[in-house]
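K.L.:
As a plain string of letters, each chain reads:
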Amino acid sequence: MSLLVFEPRGVVAFFSDFGVRDHYVGVVKGRILKELEEWDGHSLEIKFIDITHEIPPQDVRKGALLLKFSYKYFPKGTIFLGIVDPGVGTERRALLIATPKYLFVGPDNGLFTFVLREQEPCYAYEIDVKKVIKFPYSSTFHGRDLFAPVVAKLLLREKIETFAKPIEKEKLVYLDFPYPLKIEEGFRLSIWYVDHFGNLITNFSKELADKPFEVWVNNKRVRLVSTYAEGREGEIVSLFGSEGLLEIAIKNGSAFEVLGYPEIEIRYSKGL
Amino acid sequence: MSLLVFEPRGVVAFFSDFGVRDHYVGVVKGRILKELEEWDGHSLEIKFIDITHEIPPQDVRKGALLLKFSYKYFPKGTIFLGIVDPGVGTERRALLIATPKYLFVGPDNGLFTFVLREQEPCYAYEIDVKKVIKFPYSSTFHGRDLFAPVVAKLLLREKIETFAKPIEKEKLVYLDFPYPLKIEEGFRLSIWYVDHFGNLITNFSKELADKPFEVWVNNKRVRLVSTYAEGREGEIVSLFGSEGLLEIAIKNGSAFEVLGYPEIEIRYSKGL
Amino acid sequence: MSLLVFEPRGVVAFFSDFGVRDHYVGVVKGRILKELEEWDGHSLEIKFIDITHEIPPQDVRKGALLLKFSYKYFPKGTIFLGIVDPGVGTERRALLIATPKYLFVGPDNGLFTFVLREQEPCYAYEIDVKKVIKFPYSSTFHGRDLFAPVVAKLLLREKIETFAKPIEKEKLVYLDFPYPLKIEEGFRLSIWYVDHFGNLITNFSKELADKPFEVWVNNKRVRLVSTYAEGREGEIVSLFGSEGLLEIAIKNGSAFEVLGYPEIEIRYSKGL
Chain A
8 MSLLVFEPRG VVAFFSDFGV RDHYVGVVKG RILKELEEWD GHSLEIKFID ITHEIPPQDV
68 RKGALLLKFS YKYFPKGTIF LGIVDPGVGT ERRALLIATP KYLFVGPDNG LFTFVLREQE
128 PCYAYEIDVK KVIKFPYSST FHGRDLFAPV VAKLLLREKI ETFAKPIEKE KLVYLDFPYP
188 LKIEEGFRLS IWYVDHFGNL ITNFSKELAD KPFEVWVNNK RVRLVSTYAE GREGEIVSLF
248 GSEGLLEIAI KNGSAFEVLG YPEIEIRYSK GL
Chain B
8 MSLLVFEPRG VVAFFSDFGV RDHYVGVVKG RILKELEEWD GHSLEIKFID ITHEIPPQDV
68 RKGALLLKFS YKYFPKGTIF LGIVDPGVGT ERRALLIATP KYLFVGPDNG LFTFVLREQE
128 PCYAYEIDVK KVIKFPYSST FHGRDLFAPV VAKLLLREKI ETFAKPIEKE KLVYLDFPYP
188 LKIEEGFRLS IWYVDHFGNL ITNFSKELAD KPFEVWVNNK RVRLVSTYAE GREGEIVSLF
248 GSEGLLEIAI KNGSAFEVLG YPEIEIRYSK GL
Chain C
8 MSLLVFEPRG VVAFFSDFGV RDHYVGVVKG RILKELEEWD GHSLEIKFID ITHEIPPQDV
68 RKGALLLKFS YKYFPKGTIF LGIVDPGVGT ERRALLIATP KYLFVGPDNG LFTFVLREQE
128 PCYAYEIDVK KVIKFPYSST FHGRDLFAPV VAKLLLREKI ETFAKPIEKE KLVYLDFPYP
188 LKIEEGFRLS IWYVDHFGNL ITNFSKELAD KPFEVWVNNK RVRLVSTYAE GREGEIVSLF
248 GSEGLLEIAI KNGSAFEVLG YPEIEIRYSK GL
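Residue numbers (our numbering), protein chains in the order written: chain A, 8 to 279; chain B, 8 to 279; chain C, 8 to 279.
Treat the hints with care, since some could be wrong.
Identical chains blur together in the list; that is why a pair holds if it fits in one copy or across any two.
[Claimed, not checked] Simulated crosslink set (EDC-like; lysine to aspartate or glutamate; CA at most 16 Å straight-line):
1. K277 x E237
2. K218 x E192
3. K138 x E168
4. K258 x D66
5. K218 x E52
6. K79 x E44
7. K258 x E237
8. K213 x E177
9. K108 x E44
10. K176 x E52
11. K54 x E242
12. K83 x E44
13. K166 x D135
Please keep in mind that the hints were generated in silico from the structure rather than gathered at the bench.
Sequences are here, hints too, so could you generate the full structure?
P.N.:
Here it is as structure tokens:
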């Protein structure tokens, strides 16, 4: 197993369910900077980029999806810090995942499911909590007392082996994100994500579309368009969104408000 | 038409209707940094300043006002990235606007109305999408696939002419922000903006007040004070706010919750 | 009285009740950078860390608590800018507080109560508004027109004495955060803070627990656990949180939603 060969450039992309009403997000960042205090921080350029901190509390699935939608757009060397951690303080593992381009830090609860599936090569390490955590520490705020110091160690280019040991990827926790259900003449889709605009993002990706098809929502056919604006005011439309997944949308409106979680099907077009 | 003469210092002021619940804001920033990846990013100091991402979805008017209230307070060389873009993916133009102090990037839908009116000289360019966008790209997320690369080009000091061409300002889209309506003995005001504190910000500016006047809300006279704290608990007051516009406020309360969108009039004081 | 001996490293930790819907937070940051414009900003590494801007409007108590929960985790040299300022524009003092590790800037209304109590040595200065503010300025937005320039002066290492004068700490405004109420067989607690997860953070700290005790909520005993996950689904539990204060929590749920502000008591355990 080879070690990382890139030099971290100091971009820390942070996502969590901490919300922005409390002090948690700021304290984690403060703690990372504090860990670098002794060291000449002036020559290390650290940039915190918040992906989001409004993941619904303890919704690990949503965290995993948001990371999937995000990480490929970040520069080489980015360290992703992901904290959606209902098991904080229990025996759940603390993970470090390394690919040739990126590092990922967070709990072992499925948050990194897509990274582990999509990235090859991809190495997993179990963080040795005793080698990182300092007394006094909190069993309820590992973001501050465990994961922040790990990020600092990575920024300082400490050898991973000094605070973590390799673990087989098969032993990690994965979440199940099933493919669309095959039905007689097409697929029944699941809604993976509802965004801020009320667009319903499904699990149907462009690549699955091997022959002409129609999109049906609650048993009514909807048009497949290529931009949100193509719809008529109030029309329910479908389109492939920015991650290549089929979305249900309404022009200048919220599909979620109108439809909630509707039944969505792909039906193969019938020749005449 | 002269070119820019300043060197961008790497401040990117970003405002949008993306919200902070999803990954969109983080991904745009990640993409800007990724575009600089090949290049020696360590010596370029980039600072992202979020103005807000909570503009109501597709509310271009509110975006234009927020930019008006903000841009003059940023340092020379700031690049403003504004994305409220209901027409994403359609034929609407992508704009770059340059003044001797600032650069502005975003869709041509009126978002830059005030900049275009207030800044002189002020040059407009239409971005040549084909010269910026890379395959594969999304027709629904131009923030990531079009505007982020443009910002990166500006940070790298690429010549604007290599990816955009001058366009006459008269051809651009403007929003109409009318002056207060002249009535017999004064003005009838419009509410331009309701802020987080519930203050009602009107379109009446200090400069229009050429003679003594009174402020009337729903046909009752209210006091004109100079600080929020001057009001009595629960009293409706008026004052000129931080942008010189008349506001209706309630001490330690929300004028919007109490009044909604009331009728507001300026009436000239009558001599005795 | 000695002067500061550390060199500010350019971390500005910012908390306020400005919210993230408006432009206020971005404008304050822009103004700080603009003040440094004349100066060679490239060699000064400034990092803005937002603690939170979602303090409820004018809730100075909550601001004081959030600062207490946060500041110790930031690196030496951090400048804390705190703006929850219902008295903006009135005669309330503008403060600068200096400790050997940190600087604090904001209104004199109790926002810095805990810092003043917990830090020794700790010097207070009254900012001379006339020496900082430039015309035109707003009497409603001191974040932009008064406090931002003060932060810039600190970053530029201007001597504090040139724009502020020492003031006795006894003259400052303090908020009252009382200890738990002593009752016959224990303590009656107050709830200091409800966080985003719905955890109820009380005023009972570990150090007060001098003998074995039980936690009672609305006259029912609840278990004292050490992690959130130890509870059974839906069980009300108590635990010492990340700041050493007793919290009431519900596993995978919101204690606040279920309990609101319940009566919480510490009762000494009775021997058998």
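K.L.:
Is it within, between, both or neither when you check K258 against D66 at 16 Å Cα-Cα?
P.N.:
For K258 and D66, only the inter-copy Cα distance (13 Å) is at most 16 Å; the intra-copy one is 28 Å.
K.L.:
Treating 16 Å as the Cα threshold, decide for K166 and D135: within, between, both or neither.
P.N.:
For K166 and D135, only the intra-copy Cα distance (13 Å) is at most 16 Å; the inter-copy one is 46 Å.
K.L.:
Since the copies are identical, ignore which copy is meant and state whether K218 and E52 lie within 16 Å (CA to CA) inside a copy, between copies, both or neither.
P.N.:
neither (49 Å within a copy, 49 Å between copies)
K.L.:
How would you classify K54 and E242 at a CA-CA limit of 16 Å: within, between, both, or neither?
P.N.:
neither (42 Å within a copy, 40 Å between copies)
K.L.:
For the identical chains here, do K218 and E192 meet the 16 Å Cα criterion within one copy, between copies, both, or neither?
P.N.:
within (11 Å within a copy, 70 Å between copies)
K.L.:
First find the shortest C-alpha distance between K138 and E168 inside one copy, then the shortest across copies, and answer within, between, both or neither for a cut-off of 16 Å.
P.N.:
For K138 and E168, only the intra-copy Cα distance (11 Å) is at most 16 Å; the inter-copy one is 45 Å.
K.L.:
Between the shortest in-copy and the shortest cross-copy C-alpha distance, which are at most 16 Å for K108 and E44: within, between, both, or neither?
P.N.:
between (27 Å within a copy, 12 Å between copies)
K.L.:
With identical chains, the pair K277 and E237 could be close in the same copy or across copies; at 16 Å between alpha carbons, which is it: within, between, both, or neither?
P.N.:
neither (25 Å within a copy, 55 Å between copies)
K.L.:
Within a copy, between copies, both or neither: where do K213 and E177 come within 16 Å Cα-Cα?
P.N.:
neither (29 Å within a copy, 41 Å between copies)
K.L.:
Are the CA atoms of K83 and E44 at most 16 Å apart within a copy, between copies, both, or neither?
P.N.:
Intra 25 Å, inter 7 Å, cutoff 16 Å: inter-copy only.
K.L.:
Evaluate K79 and E44 at a C-alpha cut-off of 16 Å and name the case that applies: within, between, both or neither.
P.N.:
Classified as between: cross-chain Cα gap 13 Å, same-chain 31 Å, threshold 16 Å.
K.L.:
My question is about K176 and E52: at a cut-off of 16 Å on alpha-carbon distance, are they close within one copy, between copies, both, or neither?
P.N.:
neither (32 Å within a copy, 38 Å between copies)
In the structure shown, a violation is registered for the earlier hints numbered 1, 5, 8, 10 and 11, in ascending order.
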